[in-house]
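Chain B: place on chain A using the hints.
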Amino acid sequence: MIAFIIRRLLASIPTLLAVLTLVFLLVRVVPGDPAIAILGDRATPETLAALRAELGLDRWIGAQYFDFLGHAILGDLGTSMVTHRPVWTEIAEALPHTIVLTLAAMAIGCLIGIPAGVWAALNRNGPVDVLTRLLSLLGLSFPVFVSGIFLLIVFALQLHLFPVIGNPRPGDWIDGLHKLVLPAVTLGVVMAAYVVRVTRSSMLQVLGEDYIRTARAKGVPRRAIIWRHGLSNALIPVVTVVGLYVGILIGNSVLTEIVFNRPGLGKVIVSALTKRDYTMLQGMMVIYCFLIVVVNLITDISYGFIDPRVKQ
Amino acid sequence: MTLRITLSAALAAATFLAVPATAAPKTDLTVGMAAQDVGQLDPHRAVSTIDRTVVAWMYNGLVRFKPGTMDPTQIEPDLAEKWESSADKLDWTFHLRHGVKFHGDFGELTADDVAFSLKRASDAKTSAFSADFAAFKSIEATDPYTVHIILARQVPSLLGLLTNYSGGYIVSRKAVEKYGADFTRNPVGTGPFAFVSDTPNQSLELTAFNGYFRGEPQLAHVSYRYIPSDSSRDLAFQNGEIDLVYGKQDQAWINRIRALPNTVVDVFEPGELANLNLNITAKPLDDIRVRQAIAYAVNRPELVKWQGADTARPGQSVIPAGYLGFSKDVGLANTDIAKAKALLKEAGYPDGVTIKVIHTQLPQMLGSMQVVQAQLRKAGINLDLQVVDHATFHQQIRKDLSPIVYYAAARFPVADIYLTQFFHSASIVGKPTAVTNFSHCDVADKDIDAAKTEPDAEKQVALWVEAQKKIVATACAVPLAEALQIWAHRTDLDYGYELKASLSLGPLLTEATHFK
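Protein sequences, first through last, are from chains A and B.
Numbering-wise, UniProt numbering puts 168 at position 168 of the first sequence, and it's gapless, one number per residue.
Numbering-wise, UniProt numbering puts 59 at position 59 of the second sequence, and it's gapless, one number per residue.
Please keep in mind that the hints were generated in silico from the structure rather than gathered at the bench.
Warning: the hint list may mix true and false statements.
Unchecked claim - Now the stretches of chain B that chain A is said to cover, found in silico as 3 or more residues with beta-carbon under 8 Å:
hint: 1; segment: 34-40
hint: 2; segment: 182-188
hint: 3; segment: 219-233
hint: 4; segment: 237-247
hint: 5; segment: 455-468
As the list claims (entries may be wrong) - Beyond 10 Å from chain B on every Cβ pair, some chain A residues (computed):
hint: 6; residue: Trp88
hint: 7; residue: Ala94
hint: 8; residue: Pro143
hint: 9; residue: Arg276
Beta carbons: idealized from backbone N, C-alpha and C, even for Gly.
Chain A on its own, in the form it takes in the complex (with noise of 0.2 Å):
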């Protein structure tokens, strides 16, 4: 197991070198001058060129890749063009905040959407196959920003049982917790409709198996045929969606946060972009193609767990 991870990390090592190469090249293809984003419309010529100097943006654009490339490696970002912060504090300030709602939204999904998908494999084409189904086509048909806005308007400004502005106090868990609850059901409500479609038809097609028509002949209890013979087997293209939806649910986390007005990384990126703050993008860029490569890491390694003949 340890050398299949191994593997895996030096698979990776590669897959990091192209995205800093591509994050540096995708920032600066983008048109748009910092200089301009940043003193607007009255600045003349001369104050534009002081900027740039400033930010170093007058400097060959080879210089920047290795100078960008060289300290990246190191794992020095940089300091915001805009803020002055270091990229690195304004990503610890941001990230804990996304992966806490991309994690609850990935509970929710799952707890939701494993057992409704298996509920629905058993009882295909009954009514309660039906609901599942339409209920997975609303969640999947209504985008996070209408849902959101739905929730807020309902549970917020109807119920107020939540508030709209949903930055959490600093050091306040249980707050952080109570502000948590919409968007993640938010996001969490859609990777469940995905995830319950994926597990009903996976369950479908492993429940047609020879092997669990054997076991059913041998008496072995439904229960067992259904935890023990039939999900275990169905789970490969689960974890696969889950691990795909991961990537999904970080990028959705953009347009959550800013519904929501929670912190995160999504909030950071998007400003980051708005005004071409080239170093913030290109940390946040990095970050997110970190995320997703681990995702997918933790993704194969599970596959080992679960069939273990991946680990060949």
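What follows is chain B alone, placed relative to chain A:
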């Protein structure tokens, strides 16, 4: 008898208990701003509405507009208690108030801080407003409370440059030297509210500055929250989580928020005038008949109807209404589609013309431009809109990549600044002295230059009016509509003055601002 006394006592006690204790008014103000984050808190680099609104609460100028106004004739003392100038208006002396303190432990304001600030505001390396100070020859602190300014040439409104607006803000020299580049996140001024903390992408916290020279502010704390989602910001206001909210220049928004209980919608000056700037050097706009066709095809009343009667008014000249030197008798064309078509035909485009235009995706600006697009289409002028994000738009229009530039702006309310920045040849984009002349207009240079040094006020205004007429006659720009500033606040919030205008584009918070 005893029973009666007992009952009376009980009733009295019950009555006493039933009367709610008068709650002390709130002293914490929460403001909801349409922003991802604040940008620059260094006032000499604060250019966006987001930054300017909050900077105005922390800093002062030598002089100021009377709170709630932007009338240059109502400029009053701020950090300077009096001033005098030479007969030729080239030599100015300002006498500072004594005992004005900077926030924190940065000590008393002196003339050295003022000279430092104004030099900093006029330096291209440290200021986004350096062009405004081009006529400043020298700025000296002659003693701790006296500042002497010598101008190389007359400036139409020197006091205007020294107000609590743009480059006129006074910073602490010690603080700038202590924090260096980080001053933008450690602002130190003399205003009623002092910086406490900034949580990126969340909020900015200010506290009352008890040493404020006009007296201790009645608000104790101000939380300036960045809420980029329009819907969430409105819901938070509706839910009572914010007291003062940035609004939308949209009649539907105004109507909806006005209908909420305990709410006042603020509609105030300055109006941001949107002009269609037509590049007179680019084909097909190098033919004046094509430009005139555009001027005849635009329907301003229709555009105002679309934007909303409360927030918009028709553009009446190429500079905003009410500015010193403004005139509405500048010969603007009224809508005449037949004439527009005839002009196009005469210019060699009988089947119409298509012009590629780069435009921003900001919803309000995009919506207005789409209305203009539909209006021009009736005359056979097809605008092929290339919609890009706002930062890209700003970059590309400065590279002269769009022959038509829709641009909305408000400036200091004296004609000179608007005319110079948008219509003087020195400001043409691409030049080393460029500002925002997207039309390459140069027909009014002489009048604009002459007005700058004209000592007679009437003649000066006549020169500005003449400049506007020439610009309109040449069709360098077609005025569209002016959009006023829109905010909303709870009825229990009292600004402490009547809000008719604010050049920082947000309500000014003063020592008198309080909850009732």
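Which numbered conditions among the earlier hints are violated in the structure presented, ordered from lowest to highest? 5, 7, 9
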